[in-house]
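> Here is how the chains run, residue by residue.
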Amino acid sequence: MKTNLLSATAGLAIIASSAFAEEVRVYNWSDYIDEELLTKFEAETGIDLIYDVFDSNEVLETKLLAGGSGYDVVVPSGTFLQRQIQAGAFQKLDMSKLPNAGNMWDEIQARTDQYDPGGEHSVNYMWGTTGIGYNIGKVEEVLGADAPLDSWSLVFDPANMEKLADCGVHFLDAPSEMIPAALLYIGEDPDSHDPEVIAKAEAVYAAVRPYIRKFHSSEYINALANGEICVAVGWSGDVFQAQYSAAEAENGNEIDYSIPVEGAQMWFDQMAIPVDAPNPDAAHKFMNFIMDAQNSAAATNYVWYASGNKAAQEFIDPEILEYPAVYPDAATLANLFTTRPYDARVQRVVTRMWTKIKSGT
Amino acid sequence: MRRFALIAIPYFWLLALFLVPFAIVFKISLSDIALSIPPYLPQLDLAKGWEGFTKFLGALDFENFEFLMMDDLYYKAYLSSLKIAAVSTFFTLLIGYPIAYAMTRASEEWRPTLLMLVILPFWTSFLIRVYAWIGILGQEGFLNQTLMFLGLTSEPLIILNTPIAVYIGIVYTYLPFMILPIYSALEKLDDSLLEAAEDLGCSRIKAFWLVTFPLSRGGIIAGCFLVFIPTLGEFVIPSLLGGSNTLMIGKVLWDEFFSNRDWPLASAVAVILLLILIIPIILFQRNEQKQRESEG
Numbered sequence: 001m002k003t004n005l006l007s008a009t010a011g012l013a014i015i016a017s018s019a020f021a022e023e024v025r026v027y028n029w030s031d032y033i034d035e036e037l038l039t040k041f042e043a044e045t046g047i048d049l050i051y052d053v054f055d056s057n058e059v060l061e062t063k064l065l066a067g068g069s070g071y072d073v074v075v076p077s078g079t080f081l082q083r084q085i086q087a088g089a090f091q092k093l094d095m096s097k098l099p100n101a102g103n104m105w106d107e108i109q110a111r112t113d114q115y116d117p118g119g120e121h122s123v124n125y126m127w128g129t130t131g132i133g134y135n136i137g138k139v140e141e142v143l144g145a146d147a148p149l150d151s152w153s154l155v156f157d158p159a160n161m162e163k164l165a166d167c168g169v170h171f172l173d174a175p176s177e178m179i180p181a182a183l184l185y186i187g188e189d190p191d192s193h194d195p196e197v198i199a200k201a202e203a204v205y206a207a208v209r210p211y212i213r214k215f216h217s218s219e220y221i222n223a224l225a226n227g228e229i230c231v232a233v234g235w236s237g238d239v240f241q242a243q244y245s246a247a248e249a250e251n252g253n254e255i256d257y258s259i260p261v262e263g264a265q266m267w268f269d270q271m272a273i274p275v276d277a278p279n280p281d282a283a284h285k286f287m288n289f290i291m292d293a294q295n296s297a298a299a300t301n302y303v304w305y306a307s308g309n310k311a312a313q314e315f316i317d318p319e320i321l322e323y324p325a326v327y328p329d330a331a332t333l334a335n336l337f338t339t340r341p342y343d344a345r346v347q348r349v350v351t352r353m354w355t356k357i358k359s360g361t
Numbered sequence: 362m363r364r365f366a367l368i369a370i371p372y373f374w375l376l377a378l379f380l381v382p383f384a385i386v387f388k389i390s391l392s393d394i395a396l397s398i399p400p401y402l403p404q405l406d407l408a409k410g411w412e413g414f415t416k417f418l419g420a421l422d423f424e425n426f427e428f429l430m431m432d433d434l435y436y437k438a439y440l441s442s443l444k445i446a447a448v449s450t451f452f453t454l455l456i457g458y459p460i461a462y463a464m465t466r467a468s469e470e471w472r473p474t475l476l477m478l479v480i481l482p483f484w485t486s487f488l489i490r491v492y493a494w495i496g497i498l499g500q501e502g503f504l505n506q507t508l509m510f511l512g513l514t515s516e517p518l519i520i521l522n523t524p525i526a527v528y529i530g531i532v533y534t535y536l537p538f539m540i541l542p543i544y545s546a547l548e549k550l551d552d553s554l555l556e557a558a559e560d561l562g563c564s565r566i567k568a569f570w571l572v573t574f575p576l577s578r579g580g581i582i583a584g585c586f587l588v589f590i591p592t593l594g595e596f597v598i599p600s601l602l603g604g605s606n607t608l609m610i611g612k613v614l615w616d617e618f619f620s621n622r623d624w625p626l627a628s629a630v631a632v633i634l635l636l637i638l639i640i641p642i643i644l645f646q647r648n649e650q651k652q653r654e655s656e657g
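Protein chains in written order, with the numbering used here: chain U, 1 to 361; chain F, 362 to 657.
In short, the hints are calculated from the structure, not lab data. Even glycine gets a Cβ: it sits at the ideal position worked out from N, Cα and C. Be aware that one or more of the hints could be misleading.
To be verified - Listed below are the simulated DSS-like cross-link pairs for lysine-lysine, each with C-alpha atoms no more than 25 Å apart in a straight line:
1) F:LYS409 / F:LYS388
2) F:LYS437 / U:LYS356
3) U:LYS356 / F:LYS409
4) U:LYS92 / U:LYS356
5) U:LYS63 / F:LYS388
6) U:LYS200 / F:LYS437
What the hints assert, rightly or not - To give a feel for the contact side, a few chain F residues facing chain U, derived at Cβ under 7 Å:
7) LEU396
8) ILE398
9) LEU429
10) ASP616
11) PHE619
Next comes chain F alone, as it looks inside the complex (with noise of 0.2 Å):
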């Protein structure tokens, strides 16, 4: 009885903040649009009992699915995103694995410091973190004042706007999420294998590629689905930094929702993405319960 109840506990968790919101995104996707607040038809009608149910199932269709299918902008935009959040899952790889290596080689007295100064930007808002970057990367900007005066170019870079500047958002806004997975995998290490491989006549750089990164795989894998998914409906970064020929699924649905009203649609858009995200997080569940079952 008392292992159910814990059970039970993240159960409704999953039902209350799941499924039960899917539900009712899934049941717009399934309406029409409609000039009414809010903007769609059917409404359930609880009050004409079992017949206002019926007459409200029978009104629901996957048109909205269909219409996804016919016009290509939604199959980009998907495509789009998929390349935007692997890309940058792979910077964010590059950069934060030294990073996270060079953490747990500090010494002892020094971990809890170089933890603290990867969290800490987390006590600014997103926000305002990615709005600094505006100033940054600016024709005027800071990165460009510092360029000329160093004399590296003779006229500004233009930067904000472009993909680039995305994808400069982006990495360093999930960095973190990168970083402390694989630093906390890289901590358990034990520092003995790295010994023993150098006995038995690895070079270092062999015996990194030998033990250290095969035992930090568990962290990498996490890290990147941290990083991946959130990066996939990616829609503040985009529309703060990128131009308008950023196509990213984010966008769309912003356009669907807002510009057209077109609830339904963008309910439909929200669901098919949806299921694209669930094979990583299942293959991302995988892995943490794999991990979980070697250290057990």
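Looking at chain U on its own, in the form it has when it is part of the complex (with noise of 0.2 Å):
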């Protein structure tokens, strides 16, 4: 069983031998490494790595905002690394102690450009995109071969979620990325900040809301890997993890994920380091260690997300690089959209429409 909550309250800590010794503390996002990675680094290095996981981008703000969270190296994604950094949340980094810098992709630089201008406070891990999950043959026994697998219409339009209902639908618990689509569906400008466009994503909700499952983050990987339910709005690396666990279970269930032909969100999580880092030095040792290509394409190759390392392509798995719903082709890329982040009034309409959704109230 996947227990977020539970590893992140605990920490999963890998401690090495001597208690003096140089260490580092990093928090990431949930299953979102290759673990051999992480005795690796301690083996090259000689720092001792603790490594924490989180599930929510609001979980690692809040610790950022309080200040004095003790971690080196955190790994928020564009829209809330960009907020941060006007709180004056992380320290520049210093390129000089990066030489691996020259590996990474140019494409992603530029469009993460927007979040965090000329790279100058992170660095990119991974990126993806907020798509579609689904069990294949529980999608089709419901709504027929010619099942919109393909269309937000799967999701959005109830006469499809009236069906899939009884088979189980989860959305992601974040209105972030869960009000763009919404508003794309419809037609309107994913990124809009203005409150009476916004105002219009709680009426496609409200169409399809009795058939909504649960709003969650995290628990739609087991949920789909264990036939919980057929279909998940969700990130396209973790509902990798859910195809794997059940193609490694045998249970029958065939998982895929689509980015929708009207269009998906682009996402970008990116490293950096808190101003209040305890460990500067052995912060940006670890960044280099992930800016390895070939670290960042054991990565890659474990958790089937897309590395915003050039470099590392050549060590990524071919089954994984021509994927296209990893890796998207040109014309799908031209098709993907990104955010920029709500500000304070905006944030509490969305905040308040998002409860309402949920809610029902």
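Could you use the hints to bring the two separately framed chains together as a complex?
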């Protein structure tokens, strides 16, 4: 069983022998690295690595804004990163300590520049899309062979959702991604910050709300894998994890992921160093270690998220590199959109609406 | 002087662990949200001396509390939490009382073992026990598999992610807090009272309602408050076992604090929650005091 909250609380701590050795504390998303890389880092550098995980940007942000989080490397998503930079939460990177910077992918860098101009505070770890994960067999059983698997209408059209309700549908509990998706579906600008436009998403959700079993940002991995649900709006690599677990378990659940033809949100998880990091030197070493082509490839081969590392592509399984749901082709890429962070006033409108959508009040 | 020293310890405790944190939360509830570390303004700047302090005071206001009144979300969340807490307390009592009663009826040598069994779950982390319920209540879970094996149902029941799962989780978690005070009240009961009642013509059932039950009232009240008060602010159980439509104030507070980064408003929600809790807490205190007096 996947136990995010639990592991986030207890903390997955990998502590080497010496108590006095240099240490680095990393706070990353759950199930987001090949754990062999962690031992490799310790063996190569002699630095004690303490690796904790979270499953929502909000939890990370609260720790950063409270100050004194004690972490040396954290991995927020682009929009959150941008706001946190404004709040003064990160220190500028010392590029002289990151010789592997040349490995990074300029196309991804160009897109992350909107959050962190010039990459002064952050380096991309992974990027991906927010799309639809589904159980092929179960969905076709309910909707027939011509089910719109590659369209947002699968989850936003009440006619489809009514039929899918019994086999179970989960949505991410992440308003900053779910509201843009709904806006896109009705032909509005997904990155709109106009409260009147944003309000239109509410009607989209009101129509399908009765058929949504849960809003949660990590439970769907297991739920998809063991057949508890048949559709989840989720993050690309997480759905692939479900696909992998189901195949391992040989339970007959065949899971796949699609980037809807209408378009989907593209997001970037960025490694950054908090302004009050106790060990900034070791933090740079860890980032540089991850920016190594082979290490970055190892992480991608394990988690099935696309790496922001161009040099790593040489070492990434061709199966992943040629899989358009992970590395989208040019046409799909053109269809992906990014969003900007909401300001406090709009954020309140969004969160309030999201609470209303979730609870039906 | 010695007497004073003795009283000073609990009062210091109260001051350091309740009043000071509360004052900090209350202060934040009067502030405004800001994009900074920490994410609210004004900050108290002691370097500027008295002038800084008055400026700080001037920037505080009750805006957040006004906002709480205006949006019906908060009012509904408080009400829904009160309902869930009340229903859970009722069921905990319904299940806990017979258990406590059976324990006191058991023979002397068995009692310590039974008491141990009630306390035993505390040896495992609360989180793990709640997670275990996910495994039990899920569609492919233990409960559904058993029911389907026995032929009681052909389709798996959907229990997980519904309010029923939340009630099951709360009743399970808080059951020992109900059993222990009732047990301690029942254990003190003098058996000769029951013999007297039967001598005077009471049936056993009537003796229970006329003698045992009224004499265990102190334990019942204590147990109910011990369950009701923490349940009202419960966050972990509804977020793990409940669906997205279980509205509880603990979750609203989480949203304000984490999703909106609005620490001032989250603090205001917490202050109001405390005000709501003060009534049952005072009643609880009175009950405890009354019992002590009747014993003394």
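> Report the numbers of all earlier hints that the structure fails to satisfy, in ascending order.
3, 4 and 9
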